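Trainee: For reference, the chains in residue letters:
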Amino acid sequence: MKNENNNKSKELGLKLLKDMYLSRKFEEKVQHYFSLGMIHGTTHLSIGEEGAAAGTCEGLEPQDLMYATHRGHSQAICKGIDINLMMAEIFGKVTGVCKGKGGSMHIADKDKGVLGANGIVAAALPLACGSAFAAKRRKQDVVTVAFFGDGAANEGAFHEAMNLASAWDLPVLFVCTNNTYAMSTHISKVMKDTDIAKRAIPYGMPAETVDGNDSFAVYECIKSARDYVVKNGPMLIVENTYRISGHSKSDGNLYRTKDEINAWKARNPIDKMRNDLLEANTCTVDELDAVDNETTELIDKAVQFALDSPYPELDDVYNDVYAL
Amino acid sequence: MKNENNNKSKELGLKLLKDMYLSRKFEEKVQHYFSLGMIHGTTHLSIGEEGAAAGTCEGLEPQDLMYATHRGHSQAICKGIDINLMMAEIFGKVTGVCKGKGGSMHIADKDKGVLGANGIVAAALPLACGSAFAAKRRKQDVVTVAFFGDGAANEGAFHEAMNLASAWDLPVLFVCTNNTYAMSTHISKVMKDTDIAKRAIPYGMPAETVDGNDSFAVYECIKSARDYVVKNGPMLIVENTYRISGHSKSDGNLYRTKDEINAWKARNPIDKMRNDLLEANTCTVDELDAVDNETTELIDKAVQFALDSPYPELDDVYNDVYAL
Amino acid sequence: MPKKEITYANAIKEAISEEMIRDEEVFMMGEDIGIYRGAFGVSGDLVETFGEDRIIDTPISELGFVGCAIGAAVAGMRPIVEIMFSDFMTVCWDMIVNQAPKMRYMFGGKVSVPMVLRTASGGGTGAAAQHSQSLEAMLCHVPGLKVIVPSTPRDAKGLLKSAIRDNNPVIFLEQKLLYRTKGMIEEEEFTIPIGEADIKREGKDCTIITYGRMVQMCLAAAESLEKEGIDVEVIDLRTLLPMDTEAIIKSVIKTRHALVVHEAVKTGGIAGEIIARIADSEAFYYLDAPLKRLASEDVPVPFCPVLEKGILPDEAKIIATVKEMMA
Amino acid sequence: MPKKEITYANAIKEAISEEMIRDEEVFMMGEDIGIYRGAFGVSGDLVETFGEDRIIDTPISELGFVGCAIGAAVAGMRPIVEIMFSDFMTVCWDMIVNQAPKMRYMFGGKVSVPMVLRTASGGGTGAAAQHSQSLEAMLCHVPGLKVIVPSTPRDAKGLLKSAIRDNNPVIFLEQKLLYRTKGMIEEEEFTIPIGEADIKREGKDCTIITYGRMVQMCLAAAESLEKEGIDVEVIDLRTLLPMDTEAIIKSVIKTRHALVVHEAVKTGGIAGEIIARIADSEAFYYLDAPLKRLASEDVPVPFCPVLEKGILPDEAKIIATVKEMMA
Ligand SMILES: Cc1ncc(C[n+]2csc(CCOP(=O)(O)OP(=O)(O)O)c2C)c(N)n1
Ligand SMILES: Cc1ncc(C[n+]2csc(CCOP(=O)(O)OP(=O)(O)O)c2C)c(N)n1
Ligand SMILES: [Mg+2]
Ligand SMILES: [Mg+2]
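Protein chains in written order, with the working numbering: chain A, 1 to 324; chain B, 325 to 648; chain C, 649 to 975; chain D, 976 to 1302.
The set of hints was computed from the structure by calculation and includes no laboratory data. Treat the numbers as computed from the prediction; the structure is a model and nothing was measured. For each residue, glycine too, the CB sits at the ideal point set by N, CA and C. There may be inaccurate statements among the hints.
As the list claims (entries may be wrong) - Quick look at which bits of chain C chain D covers, simulated, 3 or more residues with Cβ under 8 Å:
1) 750-756
2) 762-773
3) 817-825
4) 917-925
To be verified - Think about it this way: if two alpha-carbon atoms lie no more than 30 Å apart in a straight line, the pair counts; the simulated DSBU-like pairs of lysine-lysine are:
5) B:Lys555 - B:Lys339
6) C:Lys758 - A:Lys29
7) D:Lys1157 - B:Lys463
8) A:Lys139 - B:Lys460
9) C:Lys914 - A:Lys139
10) B:Lys625 - A:Lys198
11) D:Lys1225 - C:Lys914
12) C:Lys965 - D:Lys1225
13) C:Lys971 - D:Lys1136
14) A:Lys189 - A:Lys18
15) B:Lys625 - B:Lys522
16) A:Lys112 - C:Lys758
17) B:Lys625 - A:Lys192
18) C:Lys957 - A:Lys15
19) C:Lys809 - B:Lys625
20) D:Lys1225 - A:Lys249
21) B:Lys353 - D:Lys1136
22) A:Lys29 - D:Lys1241
23) C:Lys898 - D:Lys1085
24) D:Lys1284 - C:Lys902
25) B:Lys342 - D:Lys1157
26) B:Lys513 - A:Lys136
27) A:Lys198 - B:Lys596
28) B:Lys460 - A:Lys189
29) A:Lys198 - B:Lys555
30) D:Lys1157 - B:Lys434
31) A:Lys192 - B:Lys463
32) A:Lys223 - B:Lys434
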């Protein structure tokens, strides 16, 4: 029994680690090619927040659906989107998962349950009610996750979706990636009470707060929340974490201290997972390094795929505006 | 001491009664002339809810400001708007308080602190933050009331205003006229938890619920809430009451029973006030009837003023679009 | 073909009802559309026929429930969503402008959003500035949407059925003042294709391009003008996006005169789009007079009936404008 | 007059700064406009100069803080409110369409709403469909608003100062791609009146009517066309609402050719309005060629730079269109 548990958590731990490595390395490449001018537009990196994304997505079932945020690379990767196609998308290539039309802020793949990142803060929350509505109507064992940030919790869309989901008992799992900042704005500046979990109270909705840098803990929390949601209706999960990277391409980090960033770097979810797995004697260093190496290769291949892919033809610009 | 209190509550009771009579009779006339086709468009009557309007407005100071709802006749009257000009407005006359351009849904008079009824449910809540912002900035002893309905509490504007006001400690008094219906939709159908006061919790905002048909109680509640707000920031008051009239001109009342309406008619705030004043021996029947008669006359005069007033000239249609 | 008389409101209800029977995935959401029967009575007894599971009363949360409809559409359902007054589209404008029409494109064609947003549009009801607008021009500026404004019961029914079957977000702007008007429709099932204008009256001297509530007014003006020897062609666009440019150009080449009439305020109205299409077409070379438009005055809709009537186009203004053009 | 060189972004900052010094009631609200200096760096060190009480970071609550700004304006303050990207106006569209521009009218002229809403507009930045739109045409359809789109640092500064002093809600659409462009302005204080077009280049053969980011492109095209013997007049509208129709008509009467160029998608764009004004004016009788417009293709803005560049007007397209018109 002990052994079986250990095997399970080993398997799970390595999976979570792999997810997080993929996310981290994916974004490091994006950052790199962005700085070289080979990726355009803007990108919002989630470096430091991979624990929240990995734990959340692993806690779901494969058929579950998800709406991501503008900072959604890791969310999409952990949900299982093809990293080659996603990398190509961010390079604007025709092989991209959105044919180069969406880019970093609009990564989506319906077949993988990724119903899209969104450039409009909090807009995903009402949309998530829709797929949940459909699933409930069809009596499917499907939960929809709506990711959103601490800043997004101040938008009207948050309130309307929370109210609608609770009034109609929709199977939506509202997941707040609370990194305590909206761009430069600290949560304490824009919320009188910064305990986001309390925002579930008016809707008679249960809520839980979890250490988002502990992907094991997130996984456990989401797993039982999913059980609850599919049977009873919506729930709010607040995952506390930290964005180590800047907000987007143009962030002078004037609003926070190096010390603060460094403290969170030290607690980053990948190193934490490695330490936890080692300390519990669940894995050996070699096993962990194998994941490290494997993911490096996968990401390198994704970059190569993107680089090798052509840009779309101009003619393609008219396609996909309307469905037949 | 006892006597002085009694005098005070006599004066107050008669003032509240007068406000309520004015509101009731004003709207009965509106209903009448509407049915004759002499008033156009639509009107939302607040018959049955006068206790909430009267108690709230009397609990304020004269310099306080107020944003009304679409069901705002009684709110505006109790705040002290000129009933002649208001009646003329509803008749679409040029002497109207908005020169006939606003009508029932847009009654406003800045000089009386009535910053406008609003045709868009919940839109007034953010606007109220603005005058409160100005008052706070100017260190004025001014509170802004934002009236809204139970249904309006489901709009995003409600959430954003509540959050903004609390984050910035703005002197806004959010007053919910909870008549348990939004048109035909019962509150229990659209809120998992119908205790609207709880909606203040996430914002670290105090809230209180009061019997909206007891205008004395409302007055007391608002008076102390005003004290709190001007010193500390926003507060939410929920005033439970009932709309005896239909939602608007076209309401078949299919969504509620005659019994329900009759039960609330029996508890209507005007009769309640009369009974309370009599039972406590604060007033005599004659004193109460005097108010009754006086207000009948005042409203008759208002109607006459409106009837005697001319319609605007067509040329006037271009005025007031832009300020110089 | 056997025909029957029906009101504009009932034609809409019939379309919904037929499509709900035809396709289990069709359902309707909106404020007070159930037992209240809708603010304009359009849904009638639909809730009794289809139950509260398919005719769904929502909270006053347009952003929430329109978003929910979009999400349900992406998931393969076919929501019809009702916004009580078209002015309230503004409170969920992000969903209408940034979400529904762009998802398919942004996601490389992998999703579709088969949703219909029905809403009551226009003035003339004494409901003042926030309940009387005609906002179609704004919608026509959003690629990915389709925009329909029916002027008769038959068009309303046929086009709504097509809209429900369409795999794109369609905004269906019902005309408040037409709800109680009557017209003939066939007993049998029929649809009307989206994107085709309808020549409601043929004529050879002047083309009036219009849609919605203004159609009847233009037809009445045309009758009067006929008596004065001016033979007016009235084109009812029916669908504004996509627009049937061909029908417009063809007619203007024939008549050499074009007037656009709409109820929306003039500046920024869709008349500009129509005129630009004419002015950059072969028809330009045939024109015998300036291209004209008649629309509401550029002011918020005033409450007072005298003022409101004054800002709207009417038969007399149409007649005067056409005469001026033909002079 | 001594002159100095300044960027478009800094010209805007200078206007804000001067007006804040001039009038205690002026303040600014928006997301991350303080220590972050604004998403496009426009506010720079304003927060250090004026403090957090007058340069106010808001929650992500556009509906909330734009409403708050309107309320403060009604109370006599002069808010400048920043919406980070103009696409986000959609989340507070009700405030922009139904509240700010209508309050004065609905309330019979008793209140005014002296508010400026500044926002970054336009594409070309690879930011895809929800961060690249040019939505000015929708705004121009709302009586009660004023709409400004400056194309140079000087226009930006002079017009923003006028906007801040104006007693009406003014939407000030800054052009993302112009923020870093430079131009000369006088050292002394100056303002530019709202509602006046500026002829950025005189010419006698063809009038190009444009505004915002497209102005430089049209001027460059005009230079090239001059070499081919075509003398183009370029009118920069600067203010779209109210529109300087007189300047347009006068020019078109002179040149007998008119082309409108804008970045917004073609269908429903403001070019239609401009063309309708020409086509229903004296200028109609002078026209030697169809009225043309050049605008973005009718699609959501695609992410991929190749595609995005493809949908936008550019110098080559302008040159080709003018040549076609003159042929
Ligand atoms: C409606 C809207 N307002 C503003 C923005 C600009 N914006 C993009 S991300 C962001 C901060 C979001 O903060 P949060 O929700 O905490 O997410 P995080 O960026 O921290 O992941 C802002 C203001 C936007 N995209 N949409
Ligand atoms: C944004 C918006 N949605 C819908 C409406 C239509 N409408 C007017 S009043 C009303 C009901 C409001 O309910 P509540 O807030 O409880 O106020 P009550 O009418 O009960 O006084 C509705 C749905 C509106 N005016 N604005
Ligand atoms: Mg955050
Ligand atoms: Mg109510």
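Trainee: Against each hint, give a clear statement of whether it holds in the structure.
Mentor: So, going through the hints one by one against the coordinates:
1. 750-756: holds (count 3)
2. 762-773: violated (count 0)
3. 817-825: It is violated, with 0 qualifying residues against the three required.
4. 917-925: Holds, because 8 residues of the region 917-925 of chain C bring their Cβ atoms closer than 8 Å to Cβ atoms of chain D.
5. B:Lys555 - B:Lys339: Holds, at about 27 Å.
6. C:Lys758 - A:Lys29: Holds, at about 26 Å.
7. D:Lys1157 - B:Lys463: violated (42 Å)
8. A:Lys139 - B:Lys460: violated (52 Å)
9. C:Lys914 - A:Lys139: Judged against 30 Å, a Cα distance of about 50 Å means the pair is violated.
10. B:Lys625 - A:Lys198: violated (53 Å)
11. D:Lys1225 - C:Lys914: Answer holds: D:Lys1225 to C:Lys914 is near 22 Å, not above 30 Å.
12. C:Lys965 - D:Lys1225: holds (28 Å)
13. C:Lys971 - D:Lys1136: Cα-Cα ~46 Å, so violated.
14. A:Lys189 - A:Lys18: violated (36 Å)
15. B:Lys625 - B:Lys522: violated (44 Å)
16. A:Lys112 - C:Lys758: holds (11 Å)
17. B:Lys625 - A:Lys192: violated (49 Å)
18. C:Lys957 - A:Lys15: violated (69 Å)
19. C:Lys809 - B:Lys625: Given pair C:Lys809, B:Lys625 is violated - Cα atoms ~54 Å apart, limit 30 Å.
20. D:Lys1225 - A:Lys249: violated (46 Å)
21. B:Lys353 - D:Lys1136: Violated. B:Lys353 to D:Lys1136 sits at ~49 Å, over the 30 Å cutoff.
22. A:Lys29 - D:Lys1241: Violated. A:Lys29 to D:Lys1241 sits at ~37 Å, over the 30 Å cutoff.
23. C:Lys898 - D:Lys1085: violated (50 Å)
24. D:Lys1284 - C:Lys902: Cα-Cα ~39 Å, so violated.
25. B:Lys342 - D:Lys1157: violated (66 Å)
26. B:Lys513 - A:Lys136: holds (18 Å)
27. A:Lys198 - B:Lys596: At roughly 38 Å apart (the allowed maximum being 30 Å), B:Lys596 and A:Lys198 break the hint.
28. B:Lys460 - A:Lys189: holds (18 Å)
29. A:Lys198 - B:Lys555: holds (25 Å)
30. D:Lys1157 - B:Lys434: With Cα atoms ~45 Å apart, D:Lys1157 and B:Lys434 exceed 30 Å; violated.
31. A:Lys192 - B:Lys463: holds (21 Å)
32. A:Lys223 - B:Lys434: Between A:Lys223 and B:Lys434 the Cα gap is close to 56 Å, so the pair fails against 30 Å, i.e. violated.
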